[in-house]
Amino acid sequence: MAMHRRKVLKGIAASGASLAVLKAPYVQAQAAPMRVGFLTVKTGPLASGGLQMEQGLLTYLKDRNNMLGGRTVELTTADTTGNPAVCRTKMQELVERFNVSCVLGPLAAFEALAIDDYIRSSRTPTLAVAGAEDLTQRKPNAWFTRPGATSAQPSHAVADFAAKDLKLKRVATIADDFAFGHENVAGFQRTFEDAGGKVIQKLWTPLNAPDYGTYISQLKPDLDGIYTGHAGSNGLKIMRQLSEYGLKGKLKVVGGFTPIDESLLQQIGDDGLGAHTGNWYSAELDFPENKKFVELMRRDYKVDPGVYAASTYLFGEVLDAAVKAVGGKVEDKEAFQKAIRAVKLQNSVRGPMHFDEFGNVVGNIYIRRVDKVGTKYVNAVVKTYPNVSQFWTYNKDEFLKNPVYSRDNPPARYLER
Amino acid sequence: MNRKSIAVAIGATACAAVPWIITNDYFVNLASQILIYALLALSLNLLLGYGGMVSLGHAAFLGLTGYSTILLVLAGHDQLTTAILSVVFSTACGALFGVLALRASGIGFLMITLALGQIVWGIAYRANELTGGDNGLTLPARPVPFGIDINSASNFYHFTLIVFAIALFCIWRMTRSPFGAALCGTRDQPRRMSMLGHNVWMIQWLTFVIASFWGSISGLLYIYYNLFMSPHAISLQQSAEALLMAILGGATTLSGPIVGAVIITIVKNVVSTYIERWNILLGLIFVIVIMFMPNGLVPGCRQLWQSIQSRRKAPAPETKSASEPAP
Amino acid sequence: MQWQFWIVQTLNSVSFGGLLFLLSSGFSLAFGLMRIPNLAHGAFFMLGAYFGATVVYFGGDFWLAALAAGVGVGIVGIALERFILRPLAGNVQGQVLVTLGISFIIADVCLLVWTGDPWTVPAPPAMRRPLLVAGFAFPTYRLVVVVIALVAAVALYFLMERTRLGAMIRAGVDDMEMARGVGIPVSLLFTVVFLLGAVLAGAAGAFGGPILNAYPGLDADMLPLALIVVILGGAGSLLGAFVGSFIVGFLYNFGIALFPDLAYFILFLPMLLVLVFMPQGLFGRAAP
Chain A
6 MAMHRRKVLK GIAASGASLA VLKAPYVQAQ AAPMRVGFLT VKTGPLASGG
56 LQMEQGLLTY LKDRNNMLGG RTVELTTADT TGNPAVCRTK MQELVERFNV
106 SCVLGPLAAF EALAIDDYIR SSRTPTLAVA GAEDLTQRKP NAWFTRPGAT
156 SAQPSHAVAD FAAKDLKLKR VATIADDFAF GHENVAGFQR TFEDAGGKVI
206 QKLWTPLNAP DYGTYISQLK PDLDGIYTGH AGSNGLKIMR QLSEYGLKGK
256 LKVVGGFTPI DESLLQQIGD DGLGAHTGNW YSAELDFPEN KKFVELMRRD
306 YKVDPGVYAA STYLFGEVLD AAVKAVGGKV EDKEAFQKAI RAVKLQNSVR
356 GPMHFDEFGN VVGNIYIRRV DKVGTKYVNA VVKTYPNVSQ FWTYNKDEFL
406 KNPVYSRDNP PARYLER
Chain B
40 MNRKSIAVAI GATACAAVPW IITNDYFVNL ASQILIYALL ALSLNLLLGY
90 GGMVSLGHAA FLGLTGYSTI LLVLAGHDQL TTAILSVVFS TACGALFGVL
140 ALRASGIGFL MITLALGQIV WGIAYRANEL TGGDNGLTLP ARPVPFGIDI
190 NSASNFYHFT LIVFAIALFC IWRMTRSPFG AALCGTRDQP RRMSMLGHNV
240 WMIQWLTFVI ASFWGSISGL LYIYYNLFMS PHAISLQQSA EALLMAILGG
290 ATTLSGPIVG AVIITIVKNV VSTYIERWNI LLGLIFVIVI MFMPNGLVPG
340 CRQLWQSIQS RRKAPAPETK SASEPAP
Chain C
760 MQWQFWIVQT LNSVSFGGLL FLLSSGFSLA FGLMRIPNLA HGAFFMLGAY
810 FGATVVYFGG DFWLAALAAG VGVGIVGIAL ERFILRPLAG NVQGQVLVTL
860 GISFIIADVC LLVWTGDPWT VPAPPAMRRP LLVAGFAFPT YRLVVVVIAL
910 VAAVALYFLM ERTRLGAMIR AGVDDMEMAR GVGIPVSLLF TVVFLLGAVL
960 AGAAGAFGGP ILNAYPGLDA DMLPLALIVV ILGGAGSLLG AFVGSFIVGF
1010 LYNFGIALFP DLAYFILFLP MLLVLVFMPQ GLFGRAAP
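Residue numbers (the numbering used here), protein chains in the order written: chain A, 6 to 422; chain B, 40 to 366; chain C, 760 to 1047.
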């Protein structure tokens, strides 16, 4: 199956044929393949999430015989290395050299922001993982669509759960010191404090900090719980070290959608038991679509899918519906983009979902608890918040009048020195 | 006209004709990027190759110029004033960095530049309100020099090429000047230069300032090209990359850093589309080149060429060509 | 601030310092003797962490894992020194390029073999539980790291001060030409010292594993720390590396806790000051 351009090229290079025949071998009789660009991170510190994105997408395409909405897909994968400048170059390559009809990715917020103006000027339909709130809020980009979640979308729900169901009152937050962490924590803080809780301490760990011991030692002694917004492999580090410093059992641990990802869960193991996280996905979701996805991932990669793999699988589902809606005519960018935004799925891998006027998803947020089933750890779904938008229950216009979530916004009123 | 100036003329014409030879915008843009990185490596090489000072903080000048350009434009200044002010600001920082870095030599110099580069990076990362943290800042538009629109790929390429050519000419003249000779002297024989009455510190410091200036100019081009600045552009990795470009191509030559910039930029951006393990490839290129050409590609190839030539002319004597004379 | 804060942060500092000593002692010796800035040292550390994780994953004992990591990385180190660095003696720029190239290759091979997901190196079960002292908890394993570092320091001290090999190394660090003149087999010495540095880095990676895990980018996180220790302590000095490690440990932990806004350059600022005012480092000898 010719779903992966790189493999095709390898084969051709081996046979010594020229690049000109590249398009020939696998073209279906009815129409030229639809070209899809894929921006992901395959090398460097962010490679973990980027490689899972690739697994999710390949799983979807393989299962559908490399077809989206009736058209064969010619996928071009680009390694952005997690660097904004390289991401920009790769985006240009996808658009100008490979003439892609749409782009999937990128992973990181700063990558998305680096290509924001280019997405607009080249008018390329883009489905992104990147959280970057303002791209679907105060500076909306008409060509940018986010089927997963903004950085803070699941945080609102888990904050509500922490205050009302777990009855936490005094909480410290700890997260990576970069925009995703800031936005992720800000959403938690706002909803948590609106529901009567208090964030009394906020700690930020630099991305290149090798060890969190010094941060954990600063935690106030009289906390009810701790909220972590760590991403990537840092989730493993924080969960493990909280337990090593004797805080497991003493503090209720709640988290955003990244720290206890399925890709880390077996490694976190006992250290995570009982922790609650809010996410738009869990490998435990009981939908037929998801059961199939999980089974395919277990078969091909021997792992349970996490949120990054689910993102790109979901991209596949959204694109499939959009391509069908335009009758395969993806070359008409305006119509295609309109169709993407109009996609409404009842049975996606994450359950029902659709997009709001800014291109951000409205869908369920699940509260998950780490349980042990036999010898395996799972993110069991304990509560579902249906049809959550990026604005939570807040009034949209009021929400947009406030400055974007950041390190110090909204200001924390209850910090204790 | 001698042969050399004919070669230069042909080379310049070929460079200018790039957008008509390769019509795809993507490759034209890539050529612009190569020129920008080549200028960064060239400016770094003034310190490295001519002055014998290994700096690991040169990407700071991309950041200092880039951030100040965006902030000044956002504050309402016009593009020309902004460009001048930000280059002056960045070069002034370079002058200060030079004072600090020249307190030490050798590995100490390297570590001070590394520390300064990391401090600039840390401020860019941490001063969210000013720099946007890792979300970075966006420059609203490219300037319109002399009323010429440089938004298209080919126009921007020509704009970059002109700036690059001017820079290259200035750097070439500088290395051929008495100052350049004195600089090489401070690299090879610092004590003798001192005895001959040269102010070694002043020569090295001025070189640092000049290198900062051209580094800032490449920062200006960088921000015009990317229209986006974030801490990633000034990371240790970016500084190391500029250093690798210069060493790979051959730090003792004028053209070495340019060759290095071409190879590294192409491997990173083009080859990586086809070869998943391009990092291994890049590492192997470094190792193999240095194993066979310890002074880098340009001196190595020149040596190879000379030995082939002399073998053809006079097959008898042992051809142990003299090592590349300092430029 | 409560008194617990000072005690726990002191313990954090000491344990981090111990880890840094394991990381940087070999780097310092090789750099002091051979003047080779081995920029692959961070990659050696990461490789050691992955080796250790793999041995434990296949059911091996933790101490066996550390041994295997030391031996495995030692083999890589000896190959690097013999076949690649040896011909580049005196060519500092070439050494910088080659060692960075090797670290690119190691990092990418690690990504290929161990994927992007982090690997843990679980400490022996008895050391995983927190140690309760007067009402506050501290991870037992971190205290074990301090002991390991002290043992390593004592062993290295005896090696350097009480053995023939150590005398030769010290002579080489002091004056290479003189050492060569009195018949010390400098070539062999170089290999031995580089090997020692690689073994220490590999074992340090395995010992650091339970605290740091093995993940892509660990190399880049650790290399600057090794550089800082060596600059503060001065190259080629065991005492310097020892004291430098603990200074960095304290600076890092207390600096971050007391001045969180300076977290990004809490180590670079002191290093800058030391270099500007004492270019030889705190314990270094005059550069050649």
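Mixed in with the good hints there might be a few duds.
[What the hints assert, rightly or not] Rough simulated footprint, nothing fancy, chain B against chain C, three-plus residues with beta-carbon under 8 Å:
id : stretch
1  : 841–848
2  : 858–867
3  : 1026–1033
[To be verified] Pairs of lysine to aspartate or glutamate residues, derived as EDC-like cross-links and limited to a Cα-Cα distance of at most 20 Å, are as follows:
id : chain 1 : residue 1 : chain 2 : residue 2
4  : A       : K388      : A       : D325
5  : A       : K172      : A       : E198
6  : A       : K67       : A       : E300
7  : A       : K381      : A       : D325
8  : A       : K349      : A       : E294
9  : A       : K225      : C       : D1020
10 : A       : K349      : A       : D376
11 : A       : K207      : B       : D117
12 : A       : K401      : A       : D376
13 : A       : K257      : A       : D376
14 : A       : K144      : A       : E403
15 : A       : K255      : A       : E403
16 : A       : K406      : B       : D64
17 : A       : K144      : B       : E168
18 : A       : K207      : C       : E936
The hints are simulated quantities; they were obtained by calculation from the structure and are not laboratory data.
From a predicted model like this one, the values you see are computed outputs, not experimental measurements.
All C-beta atoms in this analysis are idealised placements derived from N, C-alpha and C, irrespective of residue type, glycine included.
Hinted pair K349 of chain A and E294 of chain A, Cα distance within 20 Å: holds, 15 Å
Is the listed coverage of the stretch 858–867 of chain C by chain B valid when you require three or more residues with a beta carbon under 8 Å from a beta carbon of that chain? holds (count 8)
For a C-alpha distance cap of 20 Å, please report whether K406 of chain A and D64 of chain B respect it. violated, 40 Å
Would the pair K257 of chain A and D376 of chain A pass a check requiring their Cα atoms to be no farther apart than 20 Å? OK: K257 of chain A and D376 of chain A at ~14 Å, within 20 Å.
Agreement of K67 of chain A and E300 of chain A with the hint, judged by alpha carbon distance not exceeding 20 Å: Distance of about 13 Å is within 20 Å: holds.
Going straight from one Cα to the other, do K207 of chain A and D117 of chain B come out at no more than 20 Å? Not satisfied, since the Cα-Cα distance of roughly 40 Å exceeds 20 Å.
Would you check the hint for K144 of chain A and E403 of chain A, treating anything up to 20 Å between C-alpha atoms as holding? holds, 15 Å
K388 of chain A and D325 of chain A: Cα distance at most 20 Å? violated, 29 Å
Sort out whether E198 of chain A lies within 20 Å of K172 of chain A, counting only the CA atoms. Cα-Cα ~12 Å, so holds.
Given the hint that K225 of chain A pairs with D1020 of chain C, does the C-alpha gap stay at or below 20 Å? holds, 19 Å
Per-stretch coverage check for the stretch 1026–1033 of chain C, three Cβ contacts closer than 8 Å to chain B: holds (count 4)
Is K401 of chain A within 20 Å of D376 of chain A, Cα to Cα? Distance ~36 Å between K401 of chain A and D376 of chain A Cα, so the pair is violated.
This entry does not satisfy hints 4, 7, 10, 11, 12, 15, 16 and 18, going by the numbered hints stated previously.
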